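Undergrad: Sequence:
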Amino acid sequence: MLLKRNEPGEGSAAASLDGLGRQDYIGNMTQLSVPMPDDLQRWVDSRVAAEGYADAADYVRQLVQRDQDEYEADIRRVQALIDEGLASGIIDAEPEDVLREIIAEMREARD
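Residues are numbered in my numbering as their position in the sequence shown, beginning at 1, plus a constant of 504.
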């Protein structure tokens, strides 16, 4: 489920969903109550007003969605690095020797 920020005047949080009607959106929701200090509440309120979110819940949903997207991207990035490492093969040299060689190459490149 992808969320997007409402532009000012676009309506309710339900309008912020791509491809889903209001009833689908409401039917698939659970409630979450988050107590927060006054300064954080003021920050949320200011972001809602400045960025055109429908309400604080819309803003928080965006933050959670963004965090989820970034986490999944990190997982894909790490998996790609693991795959690259596995595909690069195994060397017979000792790790210390490999490090010495890398350090020597880096010194030569600087000189």
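Wrong hints could be hidden among the right ones.
As the list claims (entries may be wrong) - Derived CB-CB ranges, DEER-like:
hint	residue 1	residue 2	range
1	LEU567	ASN532	49 to 55 Å
2	GLN583	PRO541	33 to 39 Å
3	MET533	ILE594	48 to 54 Å
4	GLN583	LEU603	34 to 40 Å
5	ILE606	ILE586	16 to 22 Å
Hints listed in this document are in silico derivations from the structure and should not be mistaken for laboratory results.
Because the structure is a prediction, the values reported are computed rather than measured.
Note that the Cβ used here is the ideal one computed from N, Cα and C, for glycine as well.
Undergrad: If a hint holds in the structure, say so; if it does not, say that too.
TA: Going through the hints against the structure:
1. LEU567 with ASN532: 49 to 55 Å: violated (19 Å)
2. GLN583 with PRO541: 33 to 39 Å: Holds: the Cβ-Cβ distance is about 38 Å, inside 33 to 39 Å.
3. MET533 with ILE594: 48 to 54 Å: At 50 Å between Cβs, range holds.
4. GLN583 with LEU603: 34 to 40 Å: violated (25 Å)
5. ILE606 with ILE586: 16 to 22 Å: Holds - the Cβ-Cβ distance for ILE606 and ILE586, about 20 Å, lies within 16 to 22 Å.
The earlier numbered hints that this structure contradicts are 1 and 4.
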